[in-house]
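In the order they appear, the protein sequences are chains P and A. In the working numbering, each number is its position in the first sequence, counted from 1, plus 862. In the working numbering, each number is its position in the second sequence, counted from 1, plus 862.
No lab work stands behind these hints, which were simulated from the structure alone. Incorrect hints may appear among the rest.
Pairs count within a copy or across copies, as identical chains cannot be separated in the list.
[Stated by the list, open to error] No farther apart than 30 Å at their CA atoms in a straight line, the calculated lysine-lysine pairs in the DSSO-like style are these: (1) K1007 / K916; (2) K1106 / K1122; (3) K1041 / K1122; (4) K1141 / K1016; (5) K1102 / K971; (6) K984 / K971; (7) K1141 / K1018; (8) K979 / K1041; (9) K1067 / K1039; (10) K1102 / K1067; (11) K979 / K866; (12) K984 / K1141; (13) K913 / K1052; (14) K866 / K1041; (15) K1039 / K1003; (16) K1041 / K909; (17) K1141 / K909; (18) K1003 / K1052; (19) K971 / K1003; (20) K984 / K1039; (21) K1106 / K971; (22) K1042 / K1018; (23) K984 / K1042; (24) K909 / K1028; (25) K1052 / K1007; (26) K1122 / K909; (27) K1039 / K1007.
Number of protein chains: 2
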Amino acid sequence: MSFKITILGSGAALPTFSRNPTAQFIDCNNRHILIDCGEGTQMQMRKFGVKFQKLTHILISHLHGDHFFGLVGLLSTMHLLGRDQGIVIYGPIGLEEIVRSQLEIEGAKLGYGITFKHLDGKTPGIIFEDKLIEIHTFPLKHRIKTNGFVIKEKTKEHILLGDLFKADGLSLTCIPKFKKGENARNTDGKIYNFQDYTLPPAPSKSYAYCSDTAYYENIIPFITGVNLLYHEATFTEAHKSRAKATFHSTALEAATIAQKANVKKLILGHLSARFENSKEHELEAKTIFKNTEVVEDGTIYSI
Amino acid sequence: MSFKITILGSGAALPTFSRNPTAQFIDCNNRHILIDCGEGTQMQMRKFGVKFQKLTHILISHLHGDHFFGLVGLLSTMHLLGRDQGIVIYGPIGLEEIVRSQLEIEGAKLGYGITFKHLDGKTPGIIFEDKLIEIHTFPLKHRIKTNGFVIKEKTKEHILLGDLFKADGLSLTCIPKFKKGENARNTDGKIYNFQDYTLPPAPSKSYAYCSDTAYYENIIPFITGVNLLYHEATFTEAHKSRAKATFHSTALEAATIAQKANVKKLILGHLSARFENSKEHELEAKTIFKNTEVVEDGTIYSI
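Just chain P, with the same shape it has in the complex:
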């Protein structure tokens, strides 16, 4: 099972030579998800070898241009490349009209269907699940309604200790319950304890995406314990008042959230174009949370 995050764009509103506007590609157990789609995302996907046509879900956090101006171009290109498989786009109300009106004026009838699922930017919950993954949303705190996301593997099955099970001659009908971590009644009428015949499931991995947002402790319950947290750090503490005014975070604030949420690893992005490099961000964050990296366009993180 794979769980990989490819950073397609790690800049803020103003693109720079090295940082495109925001976009990330997530491959979680063969579910292919794009989070945000700033201008130029399709070129970045091509550059970093991400296959367009595998995408099944696109999540748009909010309607600032650096998070969605590349969406309609990507959708057009997927059509021109012959896509016929439908796609689901989760995003704020208003996105659908923008996308459909541009596709319509082009006069192109797409060869695939788009389903829009509207997010209101204030109601947390599961927005997608299948047998292997779940996608959750929760509200961030920004100038406009903005959605955070957690992508997590479903709770896995307990691992059956086949030899013990066989040795005790239990009925196969016990297996589904044991795998779910429940005790089961055997054909002999007795109840058997699942812990005697299974090992605990492999841990379910999870990734949280928090951009754009001011420092906001309300998000902690939603991201507690994730393996990898992406948190925006548009600024450093030297620009704290600017961060506050624009509802963005400093590297220190992002690290504080990571620490309080007890995540395994923190990655920082959405750096303002004013910073020539990311050293200051990294140093600042590490004073609070050691396991921090600042992302670069093209970096791949495996969980």
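Assemble chain A onto chain P, guided by the hints.
Relative to chain P, chain A alone:
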């Protein structure tokens, strides 16, 4: 006086590693004009050293995405960079609504004004002029209404031969007429011939932009004799039926137009992503029109 064309994007609908979607920057006598604005144009401008804030006019040929999906991102960026000077956008009806609705949903109030001038894609004429340049539009032949453009220097003044003029003791009041190429009555009551006291003006240079279009001889009167003609050549003759079906041109067709319009030089662009290089286009065009080049992103042409 300068007249330079910077190719910002020379690809067709599908961007490739080396060819971005269509955009060109024209500096004509210090008038800074962008023609078309495919996705990623703002990054290309940065890459090729074109100053955003000098732009005064943006011309959009038609509403296929590869010609305008970068516009709203560029307008946002100019705002973020502190622009306060207004800008005029010439383009098809429908463009204004697309741009304004996206800027509006962003919630940003631009620090500068945008004036839209609607082009109907069928009426030729002058759309802008000042004392140094003129911009003309004329209809191309594509799947949707599409505008071609000619940017030309205004007719220049005749060059006064000051020594001769002084030697004959003519009145200064003759000068304005002589410079316009008209005979003038001197204070002695006699009429003097401007040709005796002037040299003909330096020739006015001109640039024509024809993309996207099928082979269309009706454009010839509008582009006859231009110094530089950009004509799309999405395909080569080997793909002639595809060119016809999609209302695009082959390299040979573009060269035929260049020859019939007696232009000085032809440059070809808007190459389909199916071509790995431009050799075939160049060879094919040169069989008809010798002075042909296929453009690359970043090339600058001086007229």
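Hints, one by one, checked against the model:
Within a single copy, K1007 and K916 get their C-alpha atoms as close as 29 Å, which meets the 30 Å cut-off; across copies the closest is 34 Å, which misses it. Taking identical chains as interchangeable, the C-alpha atoms of K1106 and K1122 lie at most 30 Å apart only when both belong to the same chain, with a minimum of 20 Å there against 63 Å between chains. With identical chains, the CA atoms of K1041 and K1122 are never at most 30 Å apart, being 33 Å at best within one copy and 79 Å at best between copies. Proximity of K1141 to K1016 under the C-alpha cut-off of 30 Å is found in neither arrangement, the shortest distances being 36 Å within a copy and 53 Å between copies.
Taking CA atoms no more than 30 Å apart as the test, K1102 paired with K971 passes between copies only; the shortest distance there is 24 Å, against 47 Å inside one copy. Taking the closest pair of Cα atoms, K984 and K971 come within 30 Å of each other only across two copies (24 Å); inside a single copy the shortest separation is 34 Å, beyond that limit. Taking the closest pair of Cα atoms, K1141 and K1018 never come within 30 Å of each other, the shortest separation being 39 Å inside a single copy and 56 Å across copies. Proximity of K979 and K1041 under a CA criterion of 30 Å is satisfied in neither setting, with 33 Å inside one chain copy and 67 Å between copies.
Taking the shortest alpha-carbon separations for K1067 and K1039, only the intra-copy value of 23 Å comes in at or below 30 Å, while the best inter-copy value is 83 Å. In this homomeric assembly, K1102 and K1067 never come within 30 Å of each other (Cα to Cα): the closest approach is 33 Å inside a single copy and 53 Å across copies. In the homo-oligomer, the alpha carbons of K979 and K866 lie at most 30 Å apart inside one protomer (24 Å), although the nearest pairing across protomers, at 47 Å, exceeds that limit. Proximity of K984 to K1141 under the C-alpha cut-off of 30 Å is found in neither arrangement, the shortest distances being 34 Å within a copy and 56 Å between copies.
Taking identical chains as interchangeable, the C-alpha atoms of K913 and K1052 are never at most 30 Å apart, the minima being 53 Å within one chain and 80 Å between chains. For the homomeric pair K866 and K1041, the shortest alpha-carbon distance inside one copy (27 Å) is at most 30 Å, but the shortest distance between copies (71 Å) is not. Taking the shortest Cα distances, K1039 and K1003 never come within 30 Å of each other, neither inside one copy (42 Å) nor across copies (69 Å). Proximity of K1041 and K909 under a CA criterion of 30 Å is satisfied in neither setting, with 42 Å inside one chain copy and 56 Å between copies.
In this homomeric assembly, K1141 and K909 come within 30 Å of each other (Cα to Cα) both inside a single copy, at 25 Å, and across copies, at 24 Å. Taking the shortest alpha-carbon separations for K1003 and K1052, neither the intra-copy value of 54 Å nor the inter-copy value of 83 Å comes in at or below 30 Å. When the C-alpha separation of K971 and K1003 is checked against a cutoff of 30 Å, the pair qualifies only between copies, where the shortest distance is 21 Å, while the shortest distance within a copy is 37 Å. In this assembly of identical chains, K984 and K1039 lie within 30 Å of each other by CA distance neither inside one copy nor across copies; the values are 37 Å within and 72 Å between.
For the homomeric pair K1106 and K971, the shortest alpha-carbon distance between copies (19 Å) is at most 30 Å, but the shortest distance inside one copy (44 Å) is not. Taking the closest pair of Cα atoms, K1042 and K1018 come within 30 Å of each other only inside a single copy of the chain (8 Å); across copies the shortest separation is 86 Å, beyond that limit. Taking the closest pair of Cα atoms, K984 and K1042 never come within 30 Å of each other, the shortest separation being 33 Å inside a single copy and 69 Å across copies. Taking identical chains as interchangeable, the C-alpha atoms of K909 and K1028 are never at most 30 Å apart, the minima being 52 Å within one chain and 67 Å between chains.
For the homomeric pair K1052 and K1007, neither the shortest alpha-carbon distance inside one copy (55 Å) nor that between copies (79 Å) is at most 30 Å. Neither within a single protomer nor between protomers do K1122 and K909 lie at most 30 Å apart by alpha-carbon distance, with minima of 36 Å and 41 Å respectively. Proximity of K1039 to K1007 under the C-alpha cut-off of 30 Å is found in neither arrangement, the shortest distances being 42 Å within a copy and 65 Å between copies.
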